[in-house]
Amino acid sequence: MRGTEPEQFLLVCDEIPQDIVLLEVGPRPLDVAKALRELVGGGLWRAKQTVTQAPPVRLAECVGDEVISKWVGPLRDAGAVIQLRTWWRHRPGLPPLPVDRP
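Going by my numbering, 5 is the number at position 5 of the sequence shown; the sequence numbering is gapless.
The set of hints was computed from the structure by calculation and includes no laboratory data. Heads up, some of the hints might be wrong.
To be verified - Derived DSS-like pairs: lysine-lysine, alpha-carbon spacing no greater than 27 Å straight-line:
1) K70 <-> K48
2) K70 <-> K34
3) K34 <-> K48
Turn these sequences into a full structure, and let the hints steer you where they fit.
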């Protein structure tokens, strides 16, 4: 027979969702727009409109490591400054985490 102690569980998440945020376009905005167009499959005009908005621009929300590795490399190679923000950080009632991945 078990004691009266409550059971405790530890939940482990292998993949924490992240938001991909464009902080700065960098010196080559057209290259960043071309990279974004290749990732999302849209038109160049729309991609250029997205990257020239006042930063920060959330490019993707609640994505896993597979999407992050696919998106971040080409955008950074094109000169963009990208930040990964933990997804639940923006949800009301939850405390912010101390550090985001660079």
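Outcome of the hint check:
1. For a cut-off of 27 Å, the pair hint linking K70 to K48 stands: about 20 Å separates their Cα positions.
2. At roughly 15 Å between alpha-carbon atoms, K70 and K34 fall within 27 Å of each other, so this suggested pair holds.
3. With a CA separation close to 8 Å, the supplied pair K34 and K48 stays within the 27 Å bound.
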